[in-house]
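*Asks:* Please build the complex by placing chain R on the supplied structure of chain E, with the hints as guidance.
Quick mapping for you: the protein sequence lines, in order, are chains E and R.
Counting in my numbering, the first sequence runs without a single skipped number right up to 572 at its last residue.
Counting in my numbering, the second sequence runs without a single skipped number right up to 572 at its last residue.
Bear in mind the hints are in silico, worked out from the structure with no lab data behind them.
Please read these numbers as outputs of a predicted model, since none were measured by experiment.
There could be a bad hint or two in this list.
You can't tell identical chains apart in this list, so a pair holds if it fits in one copy or across any two.
List time: in silico DSS-like cross-link candidates among lysine-lysine, alpha-carbon distance up to 25 angstroms [said to hold, decoys possible]:
#1 300 with 343
#2 128 with 456
#3 395 with 492
#4 417 with 266
#5 514 with 243
So the chains spell out like this:
Protein chains: 2
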Amino acid sequence: MSRYKDYQLIEKLSNVVGNEVTLRGWVYNQRGKGKLQFIILRDGTGIAQCVVFRDNVTEEVFESAKRITQESSLSVTGVVRADERAPGGFEIDVTDLKIIQIAQDYPIAKKEHGDAFLMKHRHLWLRSSRQHAILRVRAAVIKAIRDFFDGSGFTLVDSPILTPNACEGTSTLFETKYFDLGSAYLSQSGQLYAEAGAFALGRVYTFGPTFRAELSSTRKHLTEFWMVEPEMAFFDLEDDMDLAEDFVEYIVQYVLKTCRKELEILERDTTKLENIKRPFYRMSYTDAVDWLVKNDIPIIKKIDNQDVEIRPFPWGEDFGTVQEEAFMEQFDKPCIIHHYPTEVKAFYMKRDESNPKVVCALDMLGPEKAGELIGGSQREDNFDLLLERIKAENLPEEAFEWYLDLRRYGSVPHSGFGLGVERTVKWITGAKHIRECIPMPRMIDRIYP
Amino acid sequence: MSRYKDYQLIEKLSNVVGNEVTLRGWVYNQRGKGKLQFIILRDGTGIAQCVVFRDNVTEEVFESAKRITQESSLSVTGVVRADERAPGGFEIDVTDLKIIQIAQDYPIAKKEHGDAFLMKHRHLWLRSSRQHAILRVRAAVIKAIRDFFDGSGFTLVDSPILTPNACEGTSTLFETKYFDLGSAYLSQSGQLYAEAGAFALGRVYTFGPTFRAELSSTRKHLTEFWMVEPEMAFFDLEDDMDLAEDFVEYIVQYVLKTCRKELEILERDTTKLENIKRPFYRMSYTDAVDWLVKNDIPIIKKIDNQDVEIRPFPWGEDFGTVQEEAFMEQFDKPCIIHHYPTEVKAFYMKRDESNPKVVCALDMLGPEKAGELIGGSQREDNFDLLLERIKAENLPEEAFEWYLDLRRYGSVPHSGFGLGVERTVKWITGAKHIRECIPMPRMIDRIYP
Numbered sequence: 124m125s126r127y128k129d130y131q132l133i134e135k136l137s138n139v140v141g142n143e144v145t146l147r148g149w150v151y152n153q154r155g156k157g158k159l160q161f162i163i164l165r166d167g168t169g170i171a172q173c174v175v176f177r178d179n180v181t182e183e184v185f186e187s188a189k190r191i192t193q194e195s196s197l198s199v200t201g202v203v204r205a206d207e208r209a210p211g212g213f214e215i216d217v218t219d220l221k222i223i224q225i226a227q228d229y230p231i232a233k234k235e236h237g238d239a240f241l242m243k244h245r246h247l248w249l250r251s252s253r254q255h256a257i258l259r260v261r262a263a264v265i266k267a268i269r270d271f272f273d274g275s276g277f278t279l280v281d282s283p284i285l286t287p288n289a290c291e292g293t294s295t296l297f298e299t300k301y302f303d304l305g306s307a308y309l310s311q312s313g314q315l316y317a318e319a320g321a322f323a324l325g326r327v328y329t330f331g332p333t334f335r336a337e338l339s340s341t342r343k344h345l346t347e348f349w350m351v352e353p354e355m356a357f358f359d360l361e362d363d364m365d366l367a368e369d370f371v372e373y374i375v376q377y378v379l380k381t382c383r384k385e386l387e388i389l390e391r392d393t394t395k396l397e398n399i400k401r402p403f404y405r406m407s408y409t410d411a412v413d414w415l416v417k418n419d420i421p422i423i424k425k426i427d428n429q430d431v432e433i434r435p436f437p438w439g440e441d442f443g444t445v446q447e448e449a450f451m452e453q454f455d456k457p458c459i460i461h462h463y464p465t466e467v468k469a470f471y472m473k474r475d476e477s478n479p480k481v482v483c484a485l486d487m488l489g490p491e492k493a494g495e496l497i498g499g500s501q502r503e504d505n506f507d508l509l510l511e512r513i514k515a516e517n518l519p520e521e522a523f524e525w526y527l528d529l530r531r532y533g534s535v536p537h538s539g540f541g542l543g544v545e546r547t548v549k550w551i552t553g554a555k556h557i558r559e560c561i562p563m564p565r566m567i568d569r570i571y572p
Numbered sequence: 124m125s126r127y128k129d130y131q132l133i134e135k136l137s138n139v140v141g142n143e144v145t146l147r148g149w150v151y152n153q154r155g156k157g158k159l160q161f162i163i164l165r166d167g168t169g170i171a172q173c174v175v176f177r178d179n180v181t182e183e184v185f186e187s188a189k190r191i192t193q194e195s196s197l198s199v200t201g202v203v204r205a206d207e208r209a210p211g212g213f214e215i216d217v218t219d220l221k222i223i224q225i226a227q228d229y230p231i232a233k234k235e236h237g238d239a240f241l242m243k244h245r246h247l248w249l250r251s252s253r254q255h256a257i258l259r260v261r262a263a264v265i266k267a268i269r270d271f272f273d274g275s276g277f278t279l280v281d282s283p284i285l286t287p288n289a290c291e292g293t294s295t296l297f298e299t300k301y302f303d304l305g306s307a308y309l310s311q312s313g314q315l316y317a318e319a320g321a322f323a324l325g326r327v328y329t330f331g332p333t334f335r336a337e338l339s340s341t342r343k344h345l346t347e348f349w350m351v352e353p354e355m356a357f358f359d360l361e362d363d364m365d366l367a368e369d370f371v372e373y374i375v376q377y378v379l380k381t382c383r384k385e386l387e388i389l390e391r392d393t394t395k396l397e398n399i400k401r402p403f404y405r406m407s408y409t410d411a412v413d414w415l416v417k418n419d420i421p422i423i424k425k426i427d428n429q430d431v432e433i434r435p436f437p438w439g440e441d442f443g444t445v446q447e448e449a450f451m452e453q454f455d456k457p458c459i460i461h462h463y464p465t466e467v468k469a470f471y472m473k474r475d476e477s478n479p480k481v482v483c484a485l486d487m488l489g490p491e492k493a494g495e496l497i498g499g500s501q502r503e504d505n506f507d508l509l510l511e512r513i514k515a516e517n518l519p520e521e522a523f524e525w526y527l528d529l530r531r532y533g534s535v536p537h538s539g540f541g542l543g544v545e546r547t548v549k550w551i552t553g554a555k556h557i558r559e560c561i562p563m564p565r566m567i568d569r570i571y572p
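Chain E on its own, in the form it takes in the complex (with noise of 0.2 angstroms):
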């Protein structure tokens, strides 16, 4: 038995009630009158009340009791007791205390704070109840993740960050100095080379960080953010989008079964998550349309630097966050919408067979203003259609030999999405802003801590 293990955790209170423990954490919250001191203790793992009654310990150890402040650390030894009024169940009445560190003028008090405040400072705002629930329930979220592909027959197929072509473009890429080989940028996606996964291994997920540049985001935007894509071969846009619709039930059924606690303390409407079962709500780009201009949502275009509502929405544009916002107050599950124009999508999607002004893509948009989940389409596997796209997008075509190989020898049909991790768990949690929803967020006015 290693040493560690004997460190008594919080949450492995209830094997210990009636015994005396010792356990190590820091302050987060503290009263007294009189004779008595409570702490609340928290070591990362849960919240005990540590109950010290001037009687019970030596007169050096009450007034360290009373000496310390929010976020001292502290070893505490003290017999468990269970009670269900406790702030997290237990009761540690204390028989010994040794502060290991006092914390003077912890920056973060319990009055609110500024978010620029609370930013400059996330290494400790980590520490409160609120961020530790959405980090918590972020991790499951991508435990999630991996056990779906990993017990669907997918393998995990890494992407490099550091690639030598732009997957849409070079605007809004990080640009860095490579060795004698000019820039390295780093990845927007790890689709491309997932697909060449995929024909090797069939069914390829890959999962890491992201970047984007774009200098047209707002402050909401992470610069950095998590995202998973799975790659199929033989999978058609149909496959595709149930794969997509079993993944995200899985996930949020996940999380719902994992992390009850974590979802309470945010004060999350359970009831909208038990909802999203399979299956979800469908339409074509299309109907979508329709259905805008059925119910008299416009397009807003800045023109002249003012922004112009333009009524009926015409087919073709893309839809933003006003469009998607109106259509899904339809729906209480996700919506996947299919078949995009060819013209607002990246240039490897498949253009559909029937009708070449649309590609077999797919979004699906989240409920509650979740906004855009999943993005993914069937792949273009004709060599020729596209050389075209790719000729036609002026993208540099010796980037892309090795792309194009994967149509060269043995092409297949084949499909994928990506889910943006972040996103995901702002949906999830019902977190206010997405910086929230990773531990150390990047914005483009925003690198530190």
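*Replies:* Using the frame of chain E, we list chain R on its own:
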């Protein structure tokens, strides 16, 4: 039931013996004579031998079977027979065959190719059975890593890739412009952020790609590699070593359990891996130097551009490949070397209280020339000593303000380590080169595909 779940995968043929099924995949190999054509089909999940007998199929199908080439894509319909002698264990008596695409002149033939050629065709090289096997072991190693920590009360806390400051100096960093905030650097380690996570959540791990822009690296080094870094509040060096041993034992035993077939393809001597069980070996740096001296292992230094051997090995110098490999010859399991000289280790490591000339550091070296699998330490938790080290190394103090905050507000003893995924995969698989241990390797002379 989703449609995609009905696709017949080769790995699931044992469920459908006697049935007629349709497989989809690529031609891995073929041969024929007279009325018989044998096609080895791969679909990413396995291989199956498809037998085309002229009397059982139309003339058109038989002509198609003769036309196919390596890596052509097909769908094959036929009746499944279990046959131990067949590659993969099953034979398909073909009734129908459809060519999806004929691959013309697939570049990777059965003959030997040079490294540069294979690396340039990495997107196709991935289709070979050896590369399959290595990537499957890689995926298993990563799953073992996550399962180990998720199952031991750790919370995943992703650290950022874009960072404002350098963990260990800026000379070996990839740099990119970050909007109006100056430069950002690609992370070499998530450790500092993991420390903030540990103070919030107790036991955490960060897992993602890390970057080294070291020009001095050989072509055998990767510039982009994956690293997992656990960080634990209240762990001292002893606990850290215990955890590191448990962890590596878990990974190796998990791969043995789940990747028998892959290890066989790789012709790995699994008895050596069976043996990787706790306890491992441990030795202080000082005792290891004594061993080097006793065994006459020199240090090799460049003097006037010449390699000069210096004997006896001087206390205070870091170990290189020569010393590590000589030292590890005596061991059949990993060995942890601990308490390294302060001078050769990073600023954040805790000095030994009884001897400040050494720090509470650990390196785990693997047997069979595996090299350093793990590097870790107890962290300096004293504010003044940490600040002194930051100043002594001329690191930008303001960039480390947030890191110093962790020692201002409830500092506690804490420890952690990092394990490199590709080195671990190289050791376990016995792969010749580290570049085979990641799907798309990045080296100083390679960023394509």
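*Asks:* Now tell me, hint by hint, if it's right for this structure.
*Replies:* Hint check results:
1. 300 with 343: Between copies only: 20 angstroms across chains, 29 angstroms inside a chain, cut-off 25 angstroms.
2. 128 with 456: between (43 angstroms within a copy, 23 angstroms between copies)
3. 395 with 492: within (13 angstroms within a copy, 55 angstroms between copies)
4. 417 with 266: neither (42 angstroms within a copy, 49 angstroms between copies)
5. 514 with 243: Answer is between: at 23 angstroms across copies they meet the 25 angstroms cutoff, but 45 angstroms inside does not.
Figure legend: structure checked against the earlier numbered hints; the only hint not met is number 4.
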